[in-house]
Amino acid sequence: MRFLRLLAIVAALAAGLQPALAGRIADADLSARVAALGAGGFDEVETAITDLAATGDDRVPAILDRLGEGELMVRKADGAVFFADKAGKDYRLTDPVTGADAGPAPKATVEKIKVNNRIRRAIASAVGALTLMSPDPAVRRAAAEAVMKSADAAALPALEQAIAVETVPDIRAAMVAARATALLASDAPESDKVAAIAAIADLGSRDALGFLSGYTSADGAVGDAARKAAAAIESRLMLWDMGQNLWYGLSLGSVLLLAAIGLAITFGVMGVINMAHGEMVMLGAYATFTVQEVIRTSWPGLFDYSLLIALPVAFLTAALAGILIERSVIRWLYGRPLETLLATWGVSLILQQAVRSLYGANNREVGNPSWMSGSFSVGDIQVTWTRLWIILFALAVFLALIAVLKRTRLGLEMRAVTQNRQMAAAVGIRTPLVDALTFGLGSGIAGLAGVALSQIDNVSPNLGRGYIIDSFMVVVFGGVGNLWGTLVGALTLGVANKMLEPYAGAVLGKIILLLAIILFIQKRPRGLFALKGRAVEA
Amino acid sequence: MTDKAEGSLLYLDDVSVSFDGFRAINRLSLVLEPGEMRAIIGPNGAGKTTMMDIITGKTRPDTGDVLFDGSVDLTRLDEAAIANLGIGRKFQKPTVFESHSVEDNIALALKGRRGAFATLFHRRSAAEQDRIDALLATIRLSDKRDLLAARLSHGQKQWLEIGMLLAQEPRLLLVDEPAAGMTDAETAETAILLKDIARTQSVVVVEHDMTFVRALDVKVTVLHEGSVLAEGSLDAVSANPKVIEVYLGR
Amino acid sequence: MITSFLIDSLDRRGRIVVGLLVALALLVPAGNLLVPEGSAFHVSTYQLTLFGKYLTYALLALSVDLVWGYCGILSLGHGAFFALGGYAMGMYLMRQIGARGVYADPVLPDFMVFLNWKELPWFWHGFDMAWYALLMVILVPGLLALLFGWLSFRSRVTGVYLSIITQALTYALLLAFFRNDMGFGGNNGLTDFKDIVGFPIQAPGTRAALFAASALMLALGFVVASAVVRSKLGKVLVAIRDAESRTRFIGYRVEHYKLFVWTLSAVMAGVAGALYVPQVGIINPSEFDPAASIEAVIWVAVGGRGTLVGPLIGAVAVNFGKTWFTGALPEVWLYALGALFVVVTLFLPRGIVGLWDRVVSRRTKPAKEMDGSGRRAGEAA
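Chains as they are written, first to last, in full-length UniProt numbering: chain A, 1 to 538; chain B, 1 to 250; chain C, 1 to 381.
Don't read these hints as lab results, they were simulated from the structure.
Here the structure is a predicted model, which means the values were calculated and not measured.
There could be a bad hint or two in this list.
[Stated by the list, open to error] Looking from chain C toward chain A, a few residues come up when the C-beta cut is under 8 Å (computed):
1) Y161
2) R179
3) N180
Just so you know, even glycine gets a beta-carbon here, dropped at the ideal spot from N, CA and C.
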């Protein structure tokens, strides 16, 4: 009777979701038909069940379910039918149609409606028909999946009926699979069962694999078929798993890209080692938090747009901080990368402590706007909207940056200063201004990264620390001074990391990757896409 | 191939190298006899410095043979090994060890065991001290021996570097623009010094300064776009129409 | 030969430093054990242990200076060698606990019993013997440095690239040592030590001895470092720092020199870590934190890199400041440390010792004879 219970739950859920569903008749009509259940012998009960099923009312499955469980009782006094729940020695009666409490009843005043196997079959088929043939496709799908899980032979007739009339292809497929599971549970001939296994194998899902695993140890043709089918599903699922890991990897890669891309400008283009780069990301995240706080208190209606508003704020905050650092510290240290490294490390400590003093040391909550919450699936791959948006955002930032470098005056001057500072100055480029703006641009992009990372990571003063080593690895791996190298580097490292995780675990995977990069740098000290020749000899 | 190399000190045959598609050296061939002094001239980008990089092991050629002493394949050795074979190099921009004294600069360059442990327990012998003193006299820096190299004038640094080169007792010296940034008097003295050196050692001089090259009075090789354009006496190559075209334009 | 080689290496300043350290090794323990508590010359056990810790930091700083100040290799991962030496010592101290642990297992340390391990992992064998542990204190950091250096220097990874991969190295080790199944106590590390070569580790006498050992080991490290720096090899190192490729072209195989000084430096850092652990009573993965390694670099910068004396002064001064600040004004400490990084790199490129030299030379010599050497120290890197 598990099957009935499931179907009833499905129906109840569907009813709860859609109270105004057309499939309801007047309470009085339904009450009259329910009362007929208590009217006489098995033949009459069977007729009454058919009658109830014919109403298509969504309250019927629950009633029939209780009937099957022997919890439907007739009150001797007036012949009315109630749900009866045991309460001490007595019963507590509930109206099956309205759900109204009908008070307690001593054991002697009520009589259980008797059920035999014929009645049970009738109930099963009626409930099955009601849910499996519900006008609402969602209900039908849920019912088919529920039957599939319960694998109850009693559902077979209802399924046959439903399959015959089902028009939606994938619901029909689900029903066929459900029939197959029911068939396997029944005492059908072996050939039918082998066919059933084939039908289940067609599903290819994890549920199907779980179901088949119950038969893989069976003897004979059924066992053979199940083993073969399970193996086929396993290899298919492995592909999906790889797809899922690939997706996780791309997602991680896009995060790395966002964090590293600003560094690719400051380190790759300018040759400045900015150890406070992670803190620029952190500033962007806190800018996002602040924007959300202001919106929450002043214009709650704008919450869905908070990230869009935060983007320019974060960019400007980080860019200004970057320009300030460049003008006050870094510009005195050009050509002395190791000193720059130490000084900017000092700056990072100061920034961390400043944020800790202002916002406190604890994690801050940054909310997801509605358009970024939730997820959907592609095949067996779960895709969350947050991750999808971050990937798109990372690519957008990357392309925008390429465009800035290639198409704008600032980009031209930046490249000129990088290639030959004296010459650039000689043709009238104000190199200090370009330095400051370039550094501001790199830092601003880190700020943008902070907006994205605030959605998936803890916003705390230490946020930046976690990304600085990874970012350097990405830039160095990809090849310093080459933005496309950074893109390829970020995605490669992201995917490699997630592909390693299932085998090595998260921490070991990361260690392996770090060591691999260390070895890689020994082999190709200038990264994947290295510039060659005299220009880079130093 | 080694037949032709036999008896030569330095032998380059069909050497090419390119950086990102740009052919810095293009099928370059060059033979230097023992004891010979050769001047290499050529416009900017002709591949003079790259050629030196190849000989000293800084750059590996894509193709071609580079043989020392007729048989030693230089393309397989690193800078240190090539230096220890007896090839010394002076850079275009004088590079001396600025935080060492003049004397220490010479002492570091002095021929001797180069292993880490040998240097750790090294004590300067009287013979070495004599050699250092002699070299300092040759390069006229005896009175500045305790001065930090950083505090020498540009010309003095050039001389110190030549002194370091001599201290290595190389069989072949590669000298890149030794007269650059020197006064006329210094240039003339440098030419005399080099000719003096060339009596016992082979020298390759890369130079822009034609007066200097004339003062050396040796065979000249003209490089252009990574290969040899002309070879002969300075007067002969100056009369070569191809050379005139390259230097003066069409 | 070696002794004369070591002794001759000290200049006047070096002799003062070594003399001071030997005096410290004798006087401070005496001040703790012999001078009665009320006296002005009494040294409390807290002060003794604290200063002992500073001395091990000074040895670490000295090792960083050897590679950074003299060879231009800025290591952002020397904390790893320090921590590995510390873990080797910690493993010895763990084995000494024996059956006195909470779970009273005669062989397995508590955390292994807690993890349900049945037997000692292979790499824990032998650590019950002091000589073996001491050998490992030297070998483990030394071999790691040798391997890492051989790979890096051979392929000519230099400058910031090298700095970044040293940082990645210590970061990878940090992650690894956090894992419980690495077998080094995971997050909690190794602690609750009972005794060292048979003496109770908390006893005043043991603590005084550890202090003296730290001071003497620092003196020895200083003498060795001076000898190396003043030898011809030391001159080659400086030559490499200032003009690496020039050094190659006069025939020195730069990678061998770097490898030598790098490995020596790592061993010194390992010894420092081994002395650190019994005095603070714990070793955990946080010692591998890249931030800790960078902090060691700033000690050197503050004192004056390329001076050998400077790192000692820097390590003690900065850590004294840290102890004072974190006690009195914890909020301010990170600001102060951050500002120290900025100010020293911008305004004090040769640190305290460089400043002192400049003041002294200005007073004693005419301005034109001023020392011109240090300006370039490290710039070429």
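- Message: Which constraints among the numbered hints does this structure fail? Numbers only, ascending.
- Response: Violated hint (a single one): 3; every other hint is consistent with the structure.
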